[in-house]
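Chemist: One letter stands for each residue in the lines below.
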Amino acid sequence: DAGITQSPRHKVTETGTPVTLRCHQTENHRYMYWYRQDPGHGLRLIHYSYGVKDTDKGEVSDGYSVSRSKTEDFLLTLESATSSQTSVYFCAIASLDRARNNEQFFGPGTRLTVL
Amino acid sequence: GEDVEQSLFLSVREGDSSVINCTYTDSSSTYLYWYKQEPGAGLQLLTYIFSNMDMKQDQRLTVLLNKKDKHLSLRIADTQTGDSAIYFCAETLPISGGYNKLIFGAGTRLAVHP
Numbered sequence: 001d002a003g004i005t006q007s008p009r010h011k012v013t014e015t016g017t018p019v020t021l022r023c024h025q026t027e028n029h030r031y032m033y034w035y036r037q038d039p040g041h042g043l044r045l046i047h048y049s050y051g052v053k054d055t056d057k058g059e060v061s062d063g064y065s066v067s068r069s070k071t072e073d074f075l076l077t078l079e080s081a082t083s084s085q086t087s088v089y090f091c092a093i094a095s096l097d098r099a100r101n102n103e104q105f106f107g108p109g110t111r112l113t114v115l
Numbered sequence: 001g002e003d004v005e006q007s008l009f010l011s012v013r014e015g016d017s018s019v020i021n022c023t024y025t026d027s028s029s030t031y032l033y034w035y036k037q038e039p040g041a042g043l044q045l046l047t048y049i050f051s052n053m054d055m056k057q058d059q060r061l062t063v064l065l066n067k068k069d070k071h072l073s074l075r076i077a078d079t080q081t082g083d084s085a086i087y088f089c090a091e092t093l094p095i096s097g098g099y100n101k102l103i104f105g106a107g108t109r110l111a112v113h114p
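Protein sequences, first through last, are from chains Z and G. For what it's worth, the numbering used here labels the leading residue of the first sequence as 1, then goes sequentially. For what it's worth, the numbering used here labels the leading residue of the second sequence as 1, then goes sequentially.
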């Protein structure tokens with residue numbers, strides 16, 4: 001499982017409240033990603049990070065911000081949650097194995113419900 | 001544009017072969033992946049194929065790649081009930097530092113019945 005944990009695993013919140021999801025890895029991987037999974041869309045990239053304080057946007061970044069102050073933690077923040085952000089959020093890391101194209105391994109996911 | 005398409009549902013009888021199809025758009029994708037997701041779980045990397053290959057076999061799994069048509073398929077031989085899951089096809093696009101981002105299809109739900 002590449003030592004990836006996500007917290008919380010489940011969260012219910014109300015529209016307009018801020019929410020922060022945490023991804024933690026134990027193997028010093030440089031690249032980390034946040035995806036969301038919705039029915040009919042598969043997984044879509046929100047943001048990714050290529051090092052401490054180095055982040056960039058993915059395809060569906062509106063309404064989300066990220067931070068990476070330590071190699072092992074990548075935080076996803078919804079500044080003001082909306083019902084359209086109800087989803088399952090997955091964190092991923094890219095392996096260091098160039099021979100396998102730095103394949104990505106995924107965490108267990110966080111199910112977020114915004115009422 | 002970036003778009004990966006899959007059929008959404010496949011039902012097979014236990015013991016038969018399953019074939020899950022995928023089309024992708026970016027001809028520069030170097031690797032193409034198949035991920036498996038069981039209910040309530042994360043994604044598990046099932047297999048992958050490098051873009052200069054036509055076929056890859058791994059035990060019960062066979063991946064076929066037609067680069068001309070940008071078509072990828074996953075065949076599962078002797079399908080078992082434990083193979084019931086959602087299968088995602090993904091293409092890779094470069095970002096920085098030689099790393100990639102993944103573009104996923106919507107997933108194919110495989111149902112295996114006795």
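No lab work stands behind these hints, which were simulated from the structure alone. Here the structure is a predicted model, which is why all the values come from computation and not from measurement. Please note that the accuracy of each hint is not assured.
[Stated by the list, open to error] Here are the in silico distance ranges between beta carbons for each label pair:
| id | chain 1 | residue 1 | chain 2 | residue 2 | range |
| --- | --- | --- | --- | --- | --- |
| 1 | Z | 16 | G | 53 | 46 to 54 Å |
| 2 | Z | 108 | G | 50 | 23 to 31 Å |
| 3 | G | 66 | Z | 30 | 30 to 38 Å |
[What the hints assert, rightly or not] Pairs of lysine to aspartate or glutamate, EDC-like flavour, derived with a Cα cap of 20 Å:
| id | chain 1 | residue 1 | chain 2 | residue 2 |
| --- | --- | --- | --- | --- |
| 4 | G | 36 | Z | 38 |
| 5 | Z | 53 | Z | 27 |
| 6 | Z | 57 | G | 3 |
| 7 | Z | 53 | Z | 79 |
| 8 | Z | 70 | Z | 27 |
| 9 | G | 68 | G | 54 |
| 10 | G | 56 | G | 38 |
| 11 | G | 67 | G | 78 |
| 12 | G | 36 | Z | 103 |
| 13 | G | 56 | G | 69 |
| 14 | G | 56 | Z | 103 |
| 15 | G | 70 | G | 26 |
Heads up, the beta-carbon is just placed ideally off N, CA and C, and yes, glycines get one too.
Chemist: Are residue 70(G) and residue 26(G) close enough, with their CA atoms no more than 20 Å apart?
Modeler: Holds. Residue 70(G) to residue 26(G) sits at ~8 Å (cutoff 20 Å).
Chemist: Under the criterion that the straight-line Cα-Cα distance not exceed 20 Å, is the pair residue 53(Z), residue 27(Z) satisfied?
Modeler: holds, 18 Å
Chemist: Is residue 67(G) close enough to residue 78(G), meaning Cα to Cα at most 20 Å?
Modeler: Answer violated: residue 67(G) to residue 78(G) is near 27 Å, above 20 Å.
Chemist: Taking 20 Å as the top limit, are the C-alpha atoms of residue 53(Z) and residue 79(Z) close enough?
Modeler: Cα-Cα ~19 Å, so holds.
Chemist: Just to be careful, I want the Cα atoms of residue 56(G) and residue 69(G) compared with a cutoff of 20 Å; is the pair within it?
Modeler: Holds. Residue 56(G) to residue 69(G) sits at ~18 Å (cutoff 20 Å).
Chemist: Is 46 to 54 Å a correct range for the gap between the Cβ atoms of residue 16(Z) and residue 53(G)?
Modeler: holds, 50 Å
Chemist: Between residue 57(Z) and residue 3(G), does the CA-CA distance stay at or below 20 Å?
Modeler: Holds, because 18 Å separates the two Cα atoms, which is no more than 20 Å.
Chemist: Is the Cα-Cα distance between residue 36(G) and residue 103(Z) 20 Å or less?
Modeler: OK: residue 36(G) and residue 103(Z) at ~14 Å, within 20 Å.
Chemist: Is the straight-line distance between the alpha-carbon of residue 70(Z) and that of residue 27(Z) 20 Å or less?
Modeler: Satisfied, since the Cα-Cα distance of roughly 12 Å is no more than 20 Å.
Chemist: Hinted pair, alpha-carbon criterion (20 Å max): residue 56(G), residue 103(Z). Please report holds or violated.
Modeler: Answer holds: residue 56(G) to residue 103(Z) is near 17 Å, not above 20 Å.
Chemist: Against the 20 Å threshold, does the CA-CA distance of residue 68(G) and residue 54(G) hold or violate the hint?
Modeler: holds, 11 Å
Chemist: Is the Cα-Cα distance between residue 36(G) and residue 38(Z) 20 Å or less?
Modeler: Judged against 20 Å, a Cα distance of about 16 Å means the pair holds.
Hint check: violations occur at hints 10, 11; the rest are consistent with the structure.
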